[in-house]
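> Generate coordinates for the entire structure from the input sequences, incorporating the hints supplied.
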Amino acid sequence: MTPCVRLQEVSVTFRTPDQTVQALASVSLDVGEGEFLALLGPTGCGKSTLLRVVSDLEHPGSGVVEVRGQPAAAARGANEFGFVFQEPALLPWRRAVDNVMLPLEVVKYPVGERRARCERLLDRVGLSKFMNRYPHELSGGMKQRVALVRALAWNPSILLMDEPFSALDELTKAELQDELLRIWSQERKTILFVTHNLSEAVYLADRVAVMSAHPGRIVDTIPVELPRNREPGVRETLEFVQQVKRVREALAP
Amino acid sequence: MKDSFLQRLIPPALILCAVLGTWEALVRGLDMPPWLLPAPSDIAARFLKATNLLYHTGLTVLEALAGFAASAVIGITLSALIVHSRFLERGVFPYIIVSNAIPIIAIIPLLTIWFGFGIAPKIMIAAIITFFPIVTNTTRGLKSADRRILDFMRSINATRREVFFKVQLPTAVPYIFAGFKIAASLSLVGAVVAEFYGSDRGLGYLVITSATQLRTDLLFVSIIVLAALGVSLFALFGYLERVSLRGEAAIEVNR
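One line per chain: the protein sequences are A and B, in this order.
Using our numbering, read the first sequence as starting at 372 and increasing by one per residue.
Using our numbering, read the second sequence as starting at 18 and increasing by one per residue.
Just so you know, these hints were derived from the structure itself, not from any lab.
Relax, there's no trap hidden among the hints.
Using C-beta positions, here's what the derived DEER-type ranges look like: (1) 167(B) <-> 479(A): 12 to 22 Å; (2) 434(A) <-> 167(B): 21 to 31 Å; (3) 541(A) <-> 94(B): 46 to 56 Å; (4) 137(B) <-> 415(A): 57 to 67 Å; (5) 25(B) <-> 415(A): 50 to 60 Å; (6) 122(B) <-> 584(A): 57 to 67 Å; (7) 549(A) <-> 167(B): 29 to 39 Å; (8) 102(B) <-> 390(A): 21 to 31 Å; (9) 105(B) <-> 415(A): 27 to 37 Å; (10) 503(A) <-> 137(B): 45 to 55 Å; (11) 106(B) <-> 415(A): 24 to 34 Å.
Positions of the beta carbon are idealized from the N, C-alpha and C atoms, including for glycine.
Here it is as structure tokens:
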């Protein structure tokens with residue numbers, strides 16, 4: 372079976388006038404259809420670059436990037452990627468519902484169904500009362516929820532998440548993690564989730580790809596051997612702690 | 018609790034009364050000749066008696082706003098082209114900076130040779146003097162769009178047109194108003210200075226003739242009208258800028 376996302380020997384080098392930085396050094400990775408993969412590593416290990424390469428925003432200097440057997444550009448052309456960033460990056464002059472509407476306008480979603488779709492999505496993350504608020508009237512967690520449903524609006528099959536919860540406080544972060552797991556279990560999207568938080572990676576993912584910096588490479592890929600349908604309590608179990616320990620060892624051998 | 022508008026008005030109003038009172042008393046007490054320093058009451062009387070003041074004011078405002086409007090249309094269009102083309106940015110920006118360095122007064126005689134003594138050269142001067150703040154602020158605003166939103170738009174294959182109208186231009190709106198705020202007062206300066214040189218109407222003409230004829234009271238009236246116009250325009254665009262910000266932080270502007 373062809374994997375959903377396949378990277379083979381992908382290298383990316385950035386050249387500035389005074390230095391060259393190897394952001395990714397021959398990275399190979401397969402991500403299965405409907406898999407939740409966490410990319411874990413220190414700052415500057417090329418995690419974000421990897422997402423940009425997968426979504427065809429960045430072109431690798433060498434190597435092959437394929438999405439379902441096709442070049443990444445074809446998947447981008449078919450609007451398969453939904454991006455969520457560390458900051459919500461909402462448009463401040465648009466109300467919450469109109470921020471979710473933005474991608475629907477761009478991908479030419481049927482005009483008559485746009486509003487209902489946005490309202491349903493916002494309702495799903497508990498924001499039905501806040502649809503007509505402007506971003507500056509929302510809390511950090513609410514803004515990130517809007518950013519999350521904005522990336523789901525046109526129902527793309529692959530979610531690319533770049534440290535989406537790392538700017539949130541612990542309680543809000545836990546809420547949003549469970550929200551994301553709930554959405555993922557219902558829709559089975561393929562998710563590439565960048566984080567530098569060990570416990571977050573283990574709690575959310577099927578597999579954790581551990582990266583190292585300078586140059587950015589994948590040092591190990593560790594399957595998370597915990598049952599799915601995870602609930603917050605799983606964090607206190609011995610199995611969870613052992614999983615985190617294994618990932619930590621891979622991170623700093 | 019926040020002070021009401023009226024409460025905030027009281028201190029400057031009291032200061033104004035004090036200054037005007039002292040001025041009036043000094044002029045009367047020292048028996049100052051009115052050509053040197055007219056009393057506030059004389060200036061007020063001249064203001065009420067001034068015929069044609071509205072006509073001169075209207076003409077200057079017309080020149081200033083026409084130049085301002087032309088500059089806004091051309092400037093914003095040019096900024097849009099600049100952010101879309103690296104070649105244009107590199108090719109045009111040096112000349113925009115040079116144009117700002119040329120003393121505007123030196124251009125007025127040239128424009129008068131070409132376009133005569135009518136209102137055309139005055140409008141052009143108002144346009145030229147406002148061009149720089151409008152172009153620099155608009156360009157900066159268009160370029161300040163959130164990099165991640167631009168990535169997001171690219172990842173869903175947004176066209177350049179969609180990126181421009183849905184992201185870049187709305188991002189630039191507060192910057193554009195900030196540029197307008199500066200340009201508004203400058204456009205008045207441009208129109209008045211242009212009227213100094215060869216014209217028979219407008220507030221600039223009024224300033225020059227009242228000065229040469231030592232009608233100092235009329236000179237004061239002209240200056241006060243100009244100040245009031247400048248403040249009104251500045252306040253108007255300052256208000257529009259605040260409305261357009263919607264709770265975001267105010268931005269610094271390029272002068």
